[in-house]
Amino acid sequence: MSVARKPIATGSDWNFSVLERFDEELARLADEYRLDTYPNQIEVITTEQMMDAYASVGMPVGYHHWSFGKQFLAVEQAYKRGQMGLAYELVINSNPCIAYLMEENTLMMQVLVIAHACYGHNSFFKGNYLFRAWTDADSIIDYLVFARKYIAQCEERHGVHAVEQLLDACHALQNYGVDRYKRPSPISAEEEVKRQEEREAYLQTQVNMLWRTIPDAPNGVAPLPGSLHSDADPLGLHSGGLYPSEPQENLLYFIEKNAPLLAPWQREIVRIVRKLAQYFYPQRQTQVMNEGWACFWHYTLMNRLYDEGNVDEGLMLEFLQSHAAVINQPGFDNPHYSGLNPYALGFAIFMDIKRICDAPTEEDREWFPDIAGSPWRDTVEFAMRNFKDESFIQQFLSPKVIRDLKLFLIVDDDQMETLEVAAIHNERGYRRVREALSTQYALSVREPNIQVVEAAIRGDRSLTLHHVQDSRRPLGRSVYPVIRHLQQLWGFPVHLVSMEDGRVTRRYQWPVEEESKDVS
Amino acid sequence: MTYFIDRRPNAKHKSAVNRQRFLERYRKHIKRSVEEAVNRRSITDMERGEKVSIPTKDISEPVFQHGPGGARHTVSPGNKEFLEGDQIRRPSGKGGGDGAGEGGASNQGEGDDEFAFTLSREEFLEFVFDGLELPHLQRKPLKSLEEIKMVRAGLARDGVPSRISITRSMREAYARRIAMRAPIKRALKEAQEALAAEERKDSVLRNPARIVELKTEIERLEKRIEGVPFIDTYDLRYHQLSAQPQPSSQAVMFCVMDVSGSMTQNHKDIAKRFFLLLYLFLEKHYEKVELVFVRHHTAAREVNEEEFFYSRETGGTIVSSALTLVNKIIEKRYPAGQWNLYIAQASDGDNWDDDSNICRDLLVKQLMPQLQYYAYVEITPHEHQSLWHEYETIAAQFPERFAMRQIVDAGDIYPVFRELFKRRLSQKQ
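Protein chains in written order, with this note's numbering: chain A, 983 to 1502; chain L, 704 to 1132.
Derived from the structure by calculation, the hints contain no laboratory data. Ideal Cβ placement from N, Cα and C applies to all residues, glycine included. Mixed in with the good hints there might be a few duds.
[Stated by the list, open to error] Restricting the straight-line Cα-Cα distance to at most 35 Å, the calculated cross-link-like pairs of lysine-lysine (DSBU-like) are:
#, chain 1, residue 1, chain 2, residue 2
1, L, 1068, L, 991
2, L, 760, A, 1257
3, A, 1131, A, 988
4, L, 783, A, 1131
5, L, 760, L, 734
6, L, 734, A, 1131
7, A, 1062, L, 991
8, A, 1131, L, 1031
9, L, 760, A, 1131
10, L, 892, A, 1062
11, L, 1035, L, 1068
12, L, 892, L, 918
13, A, 1239, L, 760
14, A, 1062, L, 918
15, A, 1388, L, 731
16, L, 731, A, 1062
17, A, 1336, L, 783
18, A, 1382, L, 783
19, L, 1031, L, 991
20, A, 1257, L, 731
21, L, 760, A, 1062
[Stated by the list, open to error] Now the in silico label distances, taken between C-beta atoms and shown as ranges:
#, chain 1, residue 1, chain 2, residue 2, range
22, L, 824, A, 1317, 43 to 53 Å
23, L, 787, A, 1446, 36 to 46 Å
24, L, 734, A, 1266, 32 to 42 Å
25, A, 1494, L, 731, 16 to 26 Å
Full structure from sequences and hints, please.
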């Protein structure tokens, strides 16, 4: 059956009215597929503005810090030398959902990007449980504005250098700014400003309760007068004699609440970095799903546009070429190989879920009895909403995808002479490959597991952390600069102990000179 | 619901502050690169950016990471030949493989060891003159020598044939022809009508004499029309030229430096910045700036830039040898009427005792009258010697055009020129 083709526009030039027409069509189709999205705010920007956006990690408003400048210079250099193309789009998890389109894109690219970002990513931000739990799209922009203003004020009051040092230290720990098992209260900028001052005073009393024997801090924190009942333990922190009573994985939170020498404004900045780290926390854990979901929808929506005759063959061919490039997965021995492509993996899994629903094979019925033959739209929605990369792969990576991508598992043990191929894409290997790939995306495996175990509140006030080692993997060389930053925040010596199976494998401390004192 | 917003007109350079912060933070590294570049580059080649590399380890933002070692499980795509249980020799080196955990930080710059980026021209110059308290380098109205230049100034009735304006002359001629033929044509038409009327009359009533008379009249008028000249001397128009004084757009800058044994490389590096600064100022103002390098110990020689800054000599010092040579070069190649002449001299103040007053005479009598500006820096922390004192008398004589300054480090260079530019500015107002 042939469709009477009435393309909305042809050629590669675009203008705003054409984009609006396309967006109307896409919105209609998205609605038909029951994609639940935030309103879109599509902003057309120039190359240079895109580089700016890159440098600030896509945040439309950011506080100032040299590291963003470094990022900008790196992007600019790579782009000017032609080593790197810029992304065609950048999308921000906010309400309304802000998407940046580059003015240089062709008409096809703009349509593709609108489908990908404004309907794909957008619905993911709104639907996925991690984003729902950890971010508040309504208030993020306001919070960013608050953070920028607050930090600028601090720079005025305390000097750019002091603020910069503090931010350096916080950035070093920003991957440890989340309680993985607790749901935070959403951040709201208005409240933030309202409560910020009360909090300053309150926090300081709490801290001083803990540290009341400490002499005046060098940075001018006046100890607050307060009734000092030695038996009072308002925070319930001293139970068992050890403080904290439970290991703390949220290092930044621990610092914010307990570091003895920080001034109120410093605590607030620690909090800002922590809150922003929390905002990006879901993104770090859903890259495969998020990109896979967006690719799945741009592919579906573009094909619908074509089927209904809204685009011509030329545009469709151009689209298919771009799409193929985006989801290309070179093999491990290819010179262009740079790890698994999250777009390719995510797209393959979502497409396969749809296939399992629509046309299940015997194998699928055996592996996925729950979803084989179910309505595909509900099943992909369920997958998108309730998983993160780790569990998504564990749950939905099918033997077919493993075969298509020819995945295999290598074990690299430094105690062995050779590398071992532990599993390949065969009956015996599917489960092991899936298990291993899932683990590979687990944040707890990608990043060293480090927790605060003791703050010596009655002794030398040193802070002790444990690194729970796994598979004998040691910490990288960056450990010293990081604990130096940590020491700067804490104000007293910091000890870090690597442990595996209850055995100490290595100790680190800062300042390093302490070692001789300890021994004597 | 979708809103489209065109952000393109918004301000660019949103990252400018962060970029500045970065440059500020790595000032030391960048300064080192810039200094190397200054020493490597020619004076005429300063107005472009520079690539700067900083070791990645100095610039990294550390986070807790896994190091190499231990046991790693890595899933990769594209298996072609491996079977379960295959043992593979390690690709290269020892220790842990390049698992997915690593390699995250190396997508910037060229290698893993260097973070490379490019300074813009302005940033580069800022670092070159760091500590010099430069004002913004702008095109300022320097006083220049005046050249006479002929420019077209309308048209005139007189002139030499080579400057005839053909179109204007032809237009004049056309107008004149129309004007001169019009009354004759009118009379001709009347005569022809009268003749026709006469001929339409019945043959009995015709007046043959009248007809003959009209015919002669017509013939006469036709001749008169033909007689109107196609072009006449009145019609000719000439382009007119008038003489206008024009500032000369070329300048020559003499760099004079003492290269006797007492000048160290450090002295020369300071001197290079001094020359560079004058060059940049001149380049802003003149279309063409030539450089002449004259170095001297007891004898002076014109050399190229490379030799000027980097070859070493020993021996005593006779400054007048250089001034004499400069004077000769001016006479021969840069006549003062056509070139704006600038001399910049750097020295450590040493001179052969009897030579300083010779220098003064040379300057006062021969050089200063031709020069736009003479700038002298003495790079020494020590007491002044005879040369300085002689120069002081010259400075008193030509306060407008002679500047001198003692320099201990690069920060003292700019004030030498401050006078030069302040004066021009006030003149303008």
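Against the structure, the hints:
| no. | hint | in the structure |
| --- | --- | --- |
| 1 | L:1068 / L:991 | holds, 28 Å |
| 2 | L:760 / A:1257 | holds, 28 Å |
| 3 | A:1131 / A:988 | violated, 51 Å |
| 4 | L:783 / A:1131 | violated, 56 Å |
| 5 | L:760 / L:734 | holds, 18 Å |
| 6 | L:734 / A:1131 | holds, 32 Å |
| 7 | A:1062 / L:991 | holds, 32 Å |
| 8 | A:1131 / L:1031 | violated, 66 Å |
| 9 | L:760 / A:1131 | holds, 31 Å |
| 10 | L:892 / A:1062 | violated, 80 Å |
| 11 | L:1035 / L:1068 | holds, 18 Å |
| 12 | L:892 / L:918 | holds, 12 Å |
| 13 | A:1239 / L:760 | holds, 32 Å |
| 14 | A:1062 / L:918 | violated, 89 Å |
| 15 | A:1388 / L:731 | violated, 50 Å |
| 16 | L:731 / A:1062 | holds, 25 Å |
| 17 | A:1336 / L:783 | holds, 27 Å |
| 18 | A:1382 / L:783 | holds, 16 Å |
| 19 | L:1031 / L:991 | holds, 21 Å |
| 20 | A:1257 / L:731 | holds, 34 Å |
| 21 | L:760 / A:1062 | holds, 24 Å |
| 22 | L:824 / A:1317: 43 to 53 Å | violated, 37 Å |
| 23 | L:787 / A:1446: 36 to 46 Å | holds, 43 Å |
| 24 | L:734 / A:1266: 32 to 42 Å | holds, 37 Å |
| 25 | A:1494 / L:731: 16 to 26 Å | holds, 24 Å |
Hint violations for this structure: numbers 3, 4, 8, 10, 14, 15, 22, all remaining hints satisfied.
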